[in-house]
Every structure is written in structure tokens, then in C-alpha cells.
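S.K.: Here is what each chain is made of, one letter per residue.
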Amino acid sequence: MKQTLFSILIAAGLLSGCTSAYRSSQTPDDVYYSPAKYIVAKELNTTKDQREYQEYISSNDDRYLQMKVHNYDYWNSLDDYSYWNDSRYYYNNSFYNPYYSSFYNPYYSSFYNPFGWGSYYSGFGYNPFYFGWNPFYNYYGGYGGYGGGWYNPVFVVNSYKDPTLKNTGTMGSNIFAYQNRLYNNSNNASYNFRPGTIAGTSTNNFGTLVRRVFSSPANNSNNNYSNSWSNPVRMQNTSSSSSSSSAGGNSGGYSSRGSNSSGGRATRN
Amino acid sequence: MKKYLLFIATFSCLHIFAQVPDDALRTAWFTQNGSARIISIGGVNASLGGDITSANINPAGLGMYKTNEFVLSPGITFNNNKLNYRGTDTTVKKNIFQYGPIGFVFGSGSTNKYSKWTSTAFSISVNQLASYNNHVQYSGYNNYSSFSEQYLEELVRDRADTNAALSNYIFGSSLAFRTYLIDTVLIGNQIGYKSLVPVSTGINQYYDAKTQGGYHEIALGLAGNIEDKLYVGGSLVIPIIYHKKDFYYSEKDATNNPNNNFAYFNYHETSTSSGTGVGLKLGVIYKPQNNFRLGFAFHTPQLMSYRDQIRSWLTTNTEAYAGLKSESSDNLNSGNPGDRSYNLITPWRAIASASFIFSEDANIKNQKGFISADVEYVNYRGARFSAKGNNTDQSLSKYYTYINNEIKDYYKGNVNIRVGGELKFDVFMIRLGTAYYGSPYADATLKANRFIASGGIGYRNHGMFIDLGYSQVFVNDVNFPYRLNDVANTYAVQKGGYGNLMMTVGFKF
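Which chain is which? The protein sequence lines are A and B, in order. Position one of the first sequence corresponds to residue 1 (this note's numbering), numbered consecutively onward. Position one of the second sequence corresponds to residue 1 (this note's numbering), numbered consecutively onward.
Treat the hints with care, since some could be wrong.
Quick list of simulated restraints, FRET-style, between CB atoms [claimed, not checked]:
id : chain 1 : residue 1 : chain 2 : residue 2 : range
1  : A       : Thr267    : B       : His135    : 38 to 44 Å
2  : A       : Thr267    : B       : Ser341    : 54 to 60 Å
3  : B       : Tyr286    : A       : Gln179    : 42 to 48 Å
Covered, in the sense of this in silico footprint (three residues per stretch, anywhere, with C-beta under 8 Å from a C-beta of chain A), are these stretches of chain B [to be verified]:
id : region
4  : 133-145
5  : 174-180
Keep in mind that the hints were calculated from the coordinates and are not lab data. Glycine included, each C-beta is placed from N, C-alpha and C at the ideal position.
With the sequences and hints as input, model every part of the structure.
M.R.: What follows is the structure in C-alpha cells.
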């Protein structure tokens, strides 16, 4: 036991080095809330509104491309990298940069954004790398290497052959004893009377096969030694079939190996 | 005598029964073991999820994970058995090492934009579902029946002649016959067997069973999460069972009469039972709204293969009748133990559950606690034994039919209820729980149940967590020293119980 505990403590010490990802931040409790660790093309841990917003952004892209096809000269200017990085427009003011305004760029304005929260991100569209939105940079940090791809567990179901009953070895008296639901858990002051009776009563699982009796009547107290005791006896009903040497043998349960070396029963003294 | 020797010399392989329905109950009637957190809340987890124990209760709960963790759960069990046998009280204690779930959970968000799975999780763990380390002991005066009568019933019921009585029951009746604990008798024209035990004048009986081992379960769990609303999961479980029993039983003449042909007998038996198999645990958790969870789990019957071994010894002192005699199964079996191999299908069970979470917020400062309840149904009467492999011994098959029929008659299905909750204060948690396990016995006379009161504390910070849980299990049960067919049975009433102290250390990574 000491070795086991020692091993556990050693393992715990070694594994404590694996937890650096959560050392400086809140440790998640998966019963309540489990934060995702991966960034993916689709945000995984978003609300319904957030997902719809993302679809909205995507659809804007599509619509922009369509408009560009119809009027290339007009819309193509928006694709000019130098245009977007022109220091003249760093004011982020709708007056100097009309494309940021709701009038010129309806798709990025809060006015046309039915979800109402995208404007929080600097007034221009949506920054997927912003804190709280991107699980790569969320406050839990951490980036594991588990990408799915498990093998499906395979198992084989054993089938069992139905037993065929042809002969008997034992009658399973120890099993049928479970059917006996009469109980005696107290001792009478002197003799706990148990009359010798003929089998076949409701308490007997042997039917008419067995007769049980005491070997001699018991009619006196514990302190009277001479010929006062009686012994439990089970008798075979002579009307039934004769006894057998193969009874109980070759009949299952525990098996023994080898042969008997002790001969018959020891003689009485 | 020559006839005996000839017969004995010719037999080289025989079989003796000892298997009983009780053996099946070991794999079914036990209180839920788990991490310290789960122990603290009464074993409830079928809708809560988010704990490695979910792999053993409702694997859908693994779907709550989007993080990884490693868990260790060492523990100690304090057995305190109080038994009353025919008016005599006995108390025996035994403390032993045990463990809860040990293993990994790997949770991750989906990397597929178009996947309907928000996240998936995989776990591999081992958990000790039940501990068999125990010591049951009792004694008492009895002037009604004797342990030796089961041998009389067996031989007479089988219509065994003296050859069979000598040699065909070498782990029980043959030892009794050879040591003159039982002998033949002729009354009138009827033959039979008698016991030398003078029951009518009273005997002092002593029962002592020390058991070791446990029911261990390796679980490979897989779960998926659909939009944080629906969680489905399954575990492929590999049960590994080891049970060792060291059993002493004795009866002594209560009168000390040196002339009544009986002074005492001592029976000693050692047995081991090793089994392994396979099973499935399937489950689902649904969130109809935030903070509310419903769960359902189904544990399929587990298909198990067993091998048992047994040795037994008997010493009898019948005073002037035959004196002091000893015999052992080793002596009758060339020093070999008795072997038996068989299959067992364990009972199925189903669990329905509900939980309410006080804020499923990402910020742990807003997580205030939860309350959860499980209702479990176990079909105890569904256990089935069968012969192993291509064993064509019809009598063996018939014996298993006897057992299976008796299991259906003796046991019943019943309900277990578990309720627990947690209050969370930032990084600290306190927990309370309770549970009630109903009787597996069909006979209402046999009072049996288990009641649990539990509690614990937890701390979760700096990427790790430490939980400490304690559950006190109050046991009501019965223990039969032997069973007879045609006289009333006697049994010990078992009270007391056991305490489970569990510590779980986990690391998030």
C-alpha cells in the first residue's frame, strides 16, 4: 500500500508540470462550462446570434463579389491594398472615409446589421482575432494537439450454446434450498422443537423423495447427557429408485484432476 | 472395500457443485463508486456529466468536456460490520485501500466547419466499481439446525450410495462422510444419512469469511456534443473481477458432553474467482434549456468468462463414535484445487436523471452550484450462468439451468435513487449527497437495503483540482451460513456498513 501511495504521489508531481496552461488563469470546471481550445473556420462555441452574424458577413462577401462583377470599375477600388492602407483614411471617420459610413458601405454599418453587436469591433466589420471571439487567444490559452480521428471501438459478442439436457448427476439440493422461505432465527429456552415429519409438506423441496426425521426423540434439557440428544437424519424413500454410485459425479461445477490416493473411509475407532 | 478401491482408482475426473445464486449478485448489487466529487454527491452523475466517472455511469457526460484532464483517485474503505445471529451480536472491522477512477479525458472542439458536432471527447480510465475486501464474522447458539444437514440433503436428494458419498463430493459431503460428520443410517427398511451433530441439545456455531478483491472496470468512452444541447456517448467497458474467499466454519457441542458422539467440526475453504468480459454503456444528455439537463443511460448485460478454484478441509471430532478425523480435497484430488469455468451474463441497468445548474457561465465566479438526481433500475434477476465453450456435460448444463431458474425466483429488479448537490464559491466547493439502494431479494422477509449519506469539499485552481469525499454506507442485509431444503433456514442480520474516503487529484492540460 505504501508503494502504491508513493507511486501515486510521484505521478502527481510529474503531471503537475502539465498544467501550466491553466496556471495563470481560471481553471475550467467541465461540469458547468467547458471552453473549447481550437479556432476553426466556424466558431464552435458561439451563440445563435453570433453564428448568424458570421453568416451575414459571409453573405456580404458574396454580394460584394456580385456587385464587383456588375460594375468592376466602381467596386474594384475597394480591393486596392494601398487604398485601404492610405494614411489619409486613418482617421476612421466617416467624413474622410466615406466607405466606412452607413451610406457608402451599408454592409458594415450597424444600421444594416440586424444583429447589432458587430459595431463593437472598431466600427469596421468583424475582427476574428479579437479577444473573446477567437479561441486561439482566449484567456484560457492552451493549444493542444488532439484533432479527433479515433478508431471506433470494436468488440466481439460471444454467443452461448443452449444447453441440452439428457441426464442428471446432481439434483442441486443446495440450489433448491433457496426456495425455502421459512426462517427460524431464535432459540427456544430448552429444546427448539423440530418434529420429524414425512416429506411432502410445503417446506420440503424434495417432494416425496425424502423423509426427514430425528434419529431419536428429544425430550429433555441440555444438561441431561445420557441418550438425550438426537441427530438430524435424511432418509431415502424406498418407493423411489435405488441409490447410485455416480450420484453427483461427472455433473459439473468444480472439476477435480488426478485420482484418489487415500482409499476408502477410515475405519471408526 | 475392494469395490470401493476399484471404483476410486478408475475415476480421474469428476465435478462438484458449489456455485450459488449469490455469486451473481456480486456483480450487480453495489453502491456507485466514482471520483471524490461523485462520492460526495451520493454517486449521482447520469445527467450532470463533466466528470471522468461519466464513463462508468452515463458516457454522454463526457461530451461536456472540451478540455483535457488526468485524474487519480486513491481511497480507503472502513468496513464496520455488525451482525446478529440468533440473538448474539458480533462486530468486526476491516480497513482497506481502494480507488476510484484513474485515467484521461481528451476533449476537443470540432475542426470541421460543417460538422454537426460542436465537440467530442474520448476517455480511457479504470475504476473500482466494487470492493470485495471485507471480513464478516458471527457466532451463535443454535438448537434447531446444523451446517452438516446440507450434506445429508445433498446425498439423499442425489440418491448417493456410499461410493458416491465417499468420492463424488470431495469439496463438501465426501469430506463430511469420510470424517464421520455424517454417516449412513438404517431405520426400519429405510436407508439414509444422519449427522453426528446433536442439534437438539444445542451447538455453538461460528462463521468467519475474509474476502479480497474487487470489481474493476476499464472504460473506453467516446462522446459527442451537438451544439451544446444534445450529448450522446458510449463506453466499451471491460470488467475485471477477482474474488478471493477464506472461509472458516465450525460447530461445537454446546453441552460439552463427552459421550454424545460429537465434540466439534472445523470446515475451512479457500476459493478464488477470476473473471473478465465486455459490455457497453450508452447514454444521452439533453439540455431543453440552459442550466437544465436531462439524462438517460443504459448499461447492457456484460458478457463475462470466469474461472474459479477451490480447496477445502474438514476436521471432525466425534468422540467415541469415530474419534478425530481429518480430510481434505487436496488429499482426494492429487493436491490439485477444484476447477470450474463458466460464463456469466450480468444484469442490465437503466438510469434516468435530471440536473439543474446554477449558471453555466464561462466565468467560474458566476458558477454557483448544482443539484442532481438519478433514478436507476437494476434487473438483478437477469443474471445468467452458462457452461463455457464446448462443454457438453448435460448434467452441468442442467445445473446451470437450476441456478438460472433460482436467480429468476430469488431476486427481483429494484430501484436505486441518488441525489446530490454542490455549492461553489469561486475556487472552493462543498458537496452533499444521499442515496438509497433497494433490496434485490424477491422475498420481502429478507430486509435488505443500503442508505448513503455523503459529503465533501473541493478546490480547483492553477490548472488542477483536489476533491475529498466521504460517504457512509448504512447496510441492511442478510447472511446465510448454510441453506436447507426441508427445515426453516437461519440467517444473520447484517447491520453496520462501511465508509468510503476518496481523494481525487486532477490535472487540466
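S.K.: If a hint holds in the structure, say so; if it does not, say that too.
M.R.: These are the hints, each one checked on the structure:
1. Range check, A:Thr267 to B:His135: Cβ separation about 39 Å, and the 38 to 44 Å hint holds.
2. For A:Thr267 paired with B:Ser341, a C-beta distance near 38 Å fails the hint of 54 to 60 Å.
3. In this structure the hint that B:Tyr286 and A:Gln179 lie 42 to 48 Å apart at CB holds, the actual value being about 45 Å.
4. Coverage of the region 133-145 of chain B by chain A holds. Counting CB-CB distances below 8 Å, 5 residues qualify, and the rule asks for three or more.
5. Only residues whose beta carbon comes within less than 8 Å of a beta carbon in chain A count, and the region 174-180 of chain B has 3; three or more means the coverage holds.
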